[in-house]
Amino acid sequence: MSAVLADMPGAVAPATTKAIAPSKGGRPWTFYVLATLFAAYVLALYGPMFCIYILSFQDIRGGLVFPMKGHSMHWFVDLFTQVRTGDVKGSFDRSIKLAVIVTIITVVVSFLAGLGFRRRFRGDTFVFYMMIGSLVAPGLVLGLGTGLLFQALGLNASWYTSALGAQLSWTLPFGVLVMFAVMSRFNHVWEEAAYDLGASRWQSIWLVMIPVLAPGLVAVALFGFTLSYDEFARSLQTAGSLNTLPLEIWSMTLNVTSPSLYALGTVTTIVSFIVIGASLGTIVLIQKKRGSRSKG
Amino acid sequence: MKNDRGDIELAGVCKSFDGATYVVDGVNLKIADGAYCCFIGPSGCGKTTILRMIAGHEDPTVGEIVIGGQNVVGLAPVQRRTAMMFQSYALFPHLTVRENIAFALRVRGQSKADRLRAADAMIEKVRLTQFADRLPAQLSGGQQQRVALARAAITEPRVLLLDEPLSALDEQLRVQMRQELRRMQQELGITFIHVTHTQLEAIALADLVVVMEQGKIKQAGPAREVYAHPHDRYVAEFMGGQNVLSGRVEKVNGSSFTLAQAAPDGIEVPLLARSTVSVGDKVDIAVRRDDVALVRPGKDLPPGCTTSLPSRVLAIEYQGYFVKVMLDTVPDDEFVAYVPEKTFFADPFTVGDVVMATWSTGSALPLA
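From first to last, the protein sequence lines stand for chains X and Z. With the first letter of the first sequence counted as 1, position 88 gets the number 88 in the working numbering; the numbers rise by one all the way through. With the first letter of the second sequence counted as 1, position 359 gets the number 359 in the working numbering; the numbers rise by one all the way through.
To be clear, the hints were calculated from the coordinates, so they are not data collected in a lab. Please read all numbers here as calculations on a predicted model, not as lab measurements. Some hints here could point you the wrong way.
The list that follows gives simulated cross-link-like pairs (lysine-lysine, DSS-like), each with its CA atoms no further than 27 Å apart [what the hints assert, rightly or not]:
1) X:LYS289 - Z:LYS112
2) Z:LYS324 - Z:LYS299
3) Z:LYS125 - Z:LYS112
4) Z:LYS251 - Z:LYS282
5) Z:LYS112 - X:LYS288
6) Z:LYS216 - Z:LYS30
Isolated chain X, as found in the complex (with noise of 0.2 Å):
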């Protein structure tokens, strides 16, 4: 018996090395190749933004090509105080404000279109079609007949109207589909269930979907606000007598002839790095609260 138990484990134990751990040869040549092939893209699509950033650094001795000259915060300092950059602080309170209106009713139609498109109704895929027809439509040229309607109907061309309009053609219809993508998770059971149990229909939204929901609704709330943060085809012709901030740099390329436009490259992505990180941080917050309240 004794016999048999020692000898055991030195029968098992070649067994079980080979089934947990990798090959001891390493990996194959495909992974070599295909970490190359990433690596590669990853500067390629990385490389050029930060080149923006460590030449925003550069002292007052500074240009527009390498090599550093120097380094400080000199052109952050001018690009907000310098009149000649442009109107960068105005600009830049526009796009945020314009944005947050564009997330917000992004957010509400398409959370709406969800509900609306969860049952087939009549005309539902032509209301589709026409729908996905303004995301295929060139920007440049919606936002020139966005402009150019405005100007035969009288009114006048301003960010909080004619570029509104524009913009919301643009993520709305992105909003709607990621809307699809998330509703596509839900349960219509759970909605059975809340009525079952005698929950009205606002309180089967309001305590059921919303909160099943929120980490998606948190998404489309990101790609509302990023879109148009950095929109600019649809913004061209529509924003009126004050530019956007995509306006403003582009307008800014063309005579600025200093690191400021760097700097202003570089507080623009700082900018969209926390309004990502604050999305993303309050859907880990969301799931943390759950996790949390199910172990207390």
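Given the coordinates of chain X, work out where chain Z should sit on it, guided by the hints.
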């Protein structure tokens, strides 16, 4: 006036989703207060639709649904005082066990303290106290089922509707939860209506078994009646445990008739409740698989056995306490004998053996 009676009457209930085909086609049924009723049938037979109509999630196209003497068609589930347990339980994924169970009280506007106290009492009843703060995703299938049961029961319904409640569980747990359902039903003292497609589940649980096919009730009665005395071929084959044979009536002799078959003397069948048969009629009969005895040719038949059909053994399956022997007794239908284990192994057959399948006259049951 609070009416706690949970007796149900379905009167001429029909349901059509497209106006052309009827999923439920003229169902009449009475279910006593406090009964455990199982609807059974293949998928698409309309059993779930009936359940959803009683629950108030569908309205019948025609007909009345009466609960406790009150026609409930058009009323919301809460007004009917029914509660439903969904097939996959439909627990709210973002709420803990306690919050899930308290949900019905929350939407009624009960204060947080009140509803959580009530929920905790219910949690104790279904033995989930240590899981009260978990999310549904962190529970096993059996625990989820108990949460679903508690969530439905907290509304103090007079009828609880269960849509294939055990189908999401594995075999062992299914047997265990089956007992738990029965225990809860007795504890709550309310009517349970349970939809299933598993025969064993239905006859193990139900006071009233309702067998359905294509929107119609084929037979409704106590479990033992439906299993041992099926009305017709469909019920006999669906409930299982029976061999169904058909043949022409050769002669009618008082209280019994003889069915022409491969047997030298035909098969003698008692008339029982069957009204009339005349010579030449095509008739189905059923013989319980455990009533069939197998004898080697040339040996004496067991006492009382009048029919003996020569057969060849097609296959043998060991089932533990009995052995399933498949035979080619009748040309088109399956014919099986359940031989007790000890009897079988006293003189085991092998595939290809010729045996006589025999049973006593009283075991043959004429079908409609």
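**Request:** Would you mind confirming whether the straight-line C-alpha gap from LYS112 (chain Z) to LYS288 (chain X) stays at or under 27 Å?
**Result:** With a Cα-Cα distance of about 23 Å, the restraint between LYS112 (chain Z) and LYS288 (chain X) holds, given a limit of 27 Å.
**Message:** Tell me if the straight-line CA distance from LYS125 (chain Z) to LYS112 (chain Z) falls inside 27 Å.
**Reply:** Holds - the C-alpha atoms of LYS112 (chain Z) and LYS125 (chain Z) are around 20 Å apart, at most 27 Å.
**Request:** Decide if the proposed pair is consistent with the structure: LYS216 (chain Z) and LYS30 (chain Z), CA atoms, cutoff 27 Å inclusive.
**Result:** Answer holds: LYS216 (chain Z) to LYS30 (chain Z) is near 15 Å, not above 27 Å.
**Prompt:** Does LYS299 (chain Z) lie within 27 Å of LYS324 (chain Z) when you go C-alpha to C-alpha?
**Reply:** holds, 22 Å
**Request:** For the pair we were handed, LYS289 (chain X) and LYS112 (chain Z), check the Cα-Cα distance against 27 Å.
**Result:** Holds, because 19 Å separates the two Cα atoms, which is no more than 27 Å.
**Prompt:** Given the hinted pair LYS251 (chain Z) and LYS282 (chain Z), is their alpha-carbon gap at most 27 Å?
**Reply:** holds, 12 Å
Checked against the numbered hints given earlier, the structure satisfies every one of them.
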